[in-house]
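Sequences and hints are given; from them, build the entire structure.
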Amino acid sequence: MVNRQPVISIIGAGIAGLEAARQLSALGYKPVLIEKAPVVGGHVAEWNRLFPDMSPSEDLTGPLRAQTAGVRTLLNTEVASINRLKDEYNLILSDGSSLLCQAVLFATGFHLFDASKKEEYGYGIYDRVITNRDLEAWFNHKDDRRIDHPKAVGFVHCVGSRDVKAGNAQCSKVCCITAIKEAIEIKEEFPDAEVYCFYMDLRLFGKKYEDFYIKAQRDYGIHFIRGRVSEVGEAVDGRVVVKAEDTLNGKPIKVTLDLLVLMAGIVCNPDAQHYAREIGVAVDDDGFLKSRNNVDAITESSRPGVFFAGSCTGAKTVPETLAEARSAALAIHQYLNKPR
Amino acid sequence: MDFGYQINPSSAVNLDQVDRRRYDALVRLSPDAATCMGCGSCSATCTSSAWSGMSVRKVLLGLQRGRDAEVNRMLSACMLCGKCTMVCPRGINTRQLILTLCRLDKNGEVVR
Numbered sequence: 001m002v003n004r005q006p007v008i009s010i011i012g013a014g015i016a017g018l019e020a021a022r023q024l025s026a027l028g029y030k031p032v033l034i035e036k037a038p039v040v041g042g043h044v045a046e047w048n049r050l051f052p053d054m055s056p057s058e059d060l061t062g063p064l065r066a067q068t069a070g071v072r073t074l075l076n077t078e079v080a081s082i083n084r085l086k087d088e089y090n091l092i093l094s095d096g097s098s099l100l101c102q103a104v105l106f107a108t109g110f111h112l113f114d115a116s117k118k119e120e121y122g123y124g125i126y127d128r129v130i131t132n133r134d135l136e137a138w139f140n141h142k143d144d145r146r147i148d149h150p151k152a153v154g155f156v157h158c159v160g161s162r163d164v165k166a167g168n169a170q171c172s173k174v175c176c177i178t179a180i181k182e183a184i185e186i187k188e189e190f191p192d193a194e195v196y197c198f199y200m201d202l203r204l205f206g207k208k209y210e211d212f213y214i215k216a217q218r219d220y221g222i223h224f225i226r227g228r229v230s231e232v233g234e235a236v237d238g239r240v241v242v243k244a245e246d247t248l249n250g251k252p253i254k255v256t257l258d259l260l261v262l263m264a265g266i267v268c269n270p271d272a273q274h275y276a277r278e279i280g281v282a283v284d285d286d287g288f289l290k291s292r293n294n295v296d297a298i299t300e301s302s303r304p305g306v307f308f309a310g311s312c313t314g315a316k317t318v319p320e321t322l323a324e325a326r327s328a329a330l331a332i333h334q335y336l337n338k339p340r
Numbered sequence: 001m002d003f004g005y006q007i008n009p010s011s012a013v014n015l016d017q018v019d020r021r022r023y024d025a026l027v028r029l030s031p032d033a034a035t036c037m038g039c040g041s042c043s044a045t046c047t048s049s050a051w052s053g054m055s056v057r058k059v060l061l062g063l064q065r066g067r068d069a070e071v072n073r074m075l076s077a078c079m080l081c082g083k084c085t086m087v088c089p090r091g092i093n094t095r096q097l098i099l100t101l102c103r104l105d106k107n108g109e110v111v112r
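Protein chains in written order, with our numbering: chain S, 1 to 340; chain D, 1 to 112.
What the hints contain is simulated information worked out from the structure, not anything from laboratory work.
For each residue, glycine too, the CB sits at the ideal point set by N, CA and C.
There could be a bad hint or two in this list.
Okay, derived cross-link-like pairs now, DMTMM-like style, lysine to aspartate or glutamate, Cα gap no bigger than 25 Å in a straight line [as the list claims (entries may be wrong)]:
{"no.": "1", "chain 1": "S", "residue 1": "Lys251", "chain 2": "D", "residue 2": "Asp16"}
{"no.": "2", "chain 1": "S", "residue 1": "Lys151", "chain 2": "S", "residue 2": "Asp87"}
{"no.": "3", "chain 1": "S", "residue 1": "Lys254", "chain 2": "D", "residue 2": "Asp2"}
{"no.": "4", "chain 1": "S", "residue 1": "Lys254", "chain 2": "D", "residue 2": "Asp19"}
{"no.": "5", "chain 1": "S", "residue 1": "Lys187", "chain 2": "D", "residue 2": "Asp19"}
{"no.": "6", "chain 1": "D", "residue 1": "Lys106", "chain 2": "S", "residue 2": "Glu234"}
{"no.": "7", "chain 1": "S", "residue 1": "Lys243", "chain 2": "D", "residue 2": "Asp2"}
{"no.": "8", "chain 1": "D", "residue 1": "Lys106", "chain 2": "S", "residue 2": "Glu194"}
{"no.": "9", "chain 1": "S", "residue 1": "Lys151", "chain 2": "S", "residue 2": "Asp163"}
{"no.": "10", "chain 1": "S", "residue 1": "Lys251", "chain 2": "D", "residue 2": "Asp24"}
{"no.": "11", "chain 1": "S", "residue 1": "Lys187", "chain 2": "D", "residue 2": "Asp16"}
{"no.": "12", "chain 1": "S", "residue 1": "Lys251", "chain 2": "S", "residue 2": "Asp163"}
{"no.": "13", "chain 1": "S", "residue 1": "Lys251", "chain 2": "D", "residue 2": "Asp68"}
{"no.": "14", "chain 1": "S", "residue 1": "Lys151", "chain 2": "D", "residue 2": "Asp16"}
Which residues of chain S face chain D? A few of them, derived with a C-beta cut under 10 Å, are [unchecked claim]:
{"no.": "15", "residue": "Glu189"}
{"no.": "16", "residue": "Met200"}
{"no.": "17", "residue": "Tyr213"}
Next comes the structure, spelled out in structure tokens:
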């Protein structure tokens, strides 16, 4: 337990911010959560089930919310600006108040790539083209007239990821496994549907991910086609025609689908860049915040007293984000107890 | 109408029209066939491929793209040595798979 009561502000109350707040509270601190949305939980709270165990996302966010209920949380509040003082940071909030703190934790998360920017895929143009987020919303609420007993469904991997022209050279990491998860869920809802995944590489690095892939192939009969979708058009009946190259076969391929799901990638949050620049915290050339180093100081920034957790530094899975939040809480604890 | 010339047919595969019955029957009889990830180990080690073009990977892909004639041509070049089975990282019993395929006609009926 520390003898003074420093102020720690956590920007963002997604799972990274909540988990860090929970850990810092357990260490005896009184962190302040600043969240621009009216609710906590971030992107994960909008998701239906999580890979690889297919556990409901509520199983994670529910207890996290309950265990941080005592933490001072400013909802509907944005950080208007940050000033760097000698050993402290002064946050000016959108409600006009200010918050003087000894440590700042960026838990600002990511933005989902705007799929309509890839015009050739037809999101926002063709009715039957939806995104991963739309599909998760449908799993949650079962309310979307575009999804009506489809007989053929396609998933496009790497939408806005590994795409230098779209400004995102990096891999979003979680879309491959998310596409497989969602493909399996579609097969569970509509067992008669043919499901196609169009991929460039399948990057299934995590524990149980490869098992998930084998299950999708063998138990659900999901078809994997190696090739990036080049264009999507609309047939006269409103269905969509997808064209790609079947690169394992070396031949063009086309298929007519009732539903096409675009796996929109993870891109940086421009707000985080803005805050970082205000206080001289380095931003990496991929737009994400730059860690002190990428091996053993991922949660530390280039500035003393400023820390990172979760996808503000790049695409992360849920367990990685939680582990970083715990690590950041410990790094903040050590920073605040360092003899000066 | 005859213009006195014709355009080559498209080499594009139209999945809306592909007949996958033989592949589906194969997967029913030996479900591991569906777990191929196209690594190419089988083709690289194949005793026959150098002069015949035999490739288990291409057989499985051809079945899913409606290229039955090509599949049969490749199957006829197999000597059943089983090296492909030894190298498959997914543990697919490729030798058994080839024997099973030879029993199926293009409609997926067991004929032998």
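Which numbered conditions among the earlier hints are violated in the structure presented, ordered from lowest to highest? Violated hints (numbers, rising): 2, 3, 6, 7, 9, 15 and 16; every other hint is consistent with the structure.
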